[in-house]
Amino acid sequence: MIEQNEFSVRLLNWYDQTKRVLPWRDCPTPYRVWISEIMLQQTRVEAVIPYFNRFVSELPDVVALSKVDDDYLNKLWEGLGYYSRVRNLKKSAKIIVETFHGEIPNNIEDLESLPGIGNYTSGAILSIAYEQRFTAVDGNVLRVFARLMANRNNIKDPNEKKKVKKLVYSLLPIKRIGDFNQGLMEIGAKVCLPNGSPLCGICPLQDFCLSYQKKIVSEIPVKQIKKARKLEKKTVLIMSHKSLYAVEQRENKGLLAGLYQFPLLDGHFTLDEIQKQYHHALHIKKIDSAKHIFTHLEWHIEAYAMSFETTIGGYYWVDKNDIEHVYSIPNAFIKYKKMILGGAI
DNA sequence: AATACGGGGCA
DNA sequence: TGCCCAGTATT
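For the first sequence, the working numbering assigns the number -5 to the initial residue and increments by one for each residue that follows.
These are computed hints drawn from the structure, not numbers from a lab. Bear in mind the structure is a predicted one, so any value in this text is a computation, not a measurement. Fair warning: there could be bad hints in the mix.
[Unchecked claim] Each pair of labels, with its calculated beta carbon distance range:
#	residue 1	residue 2	range
1	328	225	15 to 21 Å
2	333	44	35 to 41 Å
3	109	310	27 to 33 Å
[To be verified] The calculated DSBU-like cross-link candidates involving lysine-lysine, where the alpha carbons are at most 35 Å apart (straight line), are:
#	residue 1	residue 2
4	13	157
5	69	13
6	314	247
7	221	159
We treat Cβ as the ideally placed atom computed from N, Cα and C, and that holds for glycine.
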């Protein structure tokens, strides 16, 4: 049994002394907390920082976000991944403006009615921005408590999550709920590490940790067996006419929805097959291949560069500046984007 | 209950 | 290479 007051005092003291300086901690308004929490879903703090600063600088409030141009919005998210997050952000902003009078909701029902806000994010916003009595149990906290309690169950199991939430709730201090929650996550990020050995020697929660006492820290959390990724063959076409290049927009749902790419074919093809299909091209040559790994998918990409005397219908023909600054092209295509911008094609 | 959904950093 | 990250929505 963990003593509530002792636990939170240890945690908050450690947090006060060692917490990282993060842009969203400067001025934790509901808007800034909301944006940061969405960006931080499945995404490391270090990766988020530059995106967060640019995003809130360009779109400082809910109204600005609700009215922003979609292509420009995608550009602000380019490279961050999980692009449905940014679509949901704008959808939510519209709802907030239209039905919540422009105020980020301060209750869990309205908050979780917004697309992109689930159980973790609602708790994070309510506790950090509004100082309300809610937990924010993320992957860090699940790991920390699996170790604290020497729990070998699968921490991804929703049932286990509920148990952890209940326990964390019982440990919440009277004041500083937001700092307490952030402190737990900070322990997970900087001390009770996900890979490699946790830094138990500097852990303020060491006295409470059953895994540490039993010397089984390295065995927890128990990880599950994962499925192999599916492999897909893709062919990228770098089509050019003078200083213009062809791009196309991906469909509005599914993988990389609504983002732009260089013309993309399913499957691999010989130079001969490509020449037959694009017989009106002035010149075609095979260029570097690439591999791109998604969480659940692996693209094996082959590529051809081809030039044309005129532009061809069905594509946007854009210059280098637009490729760099206007169209959001995800990182699966970064090799070819760099080749174009660097003048290699 | 399982799967889709990005990308990067580190052992 | 494999793991996992301040998760959510869909099937």
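- Query: Against which earlier hints does the structure fall short, listed by number upward?
  - Reply: 2
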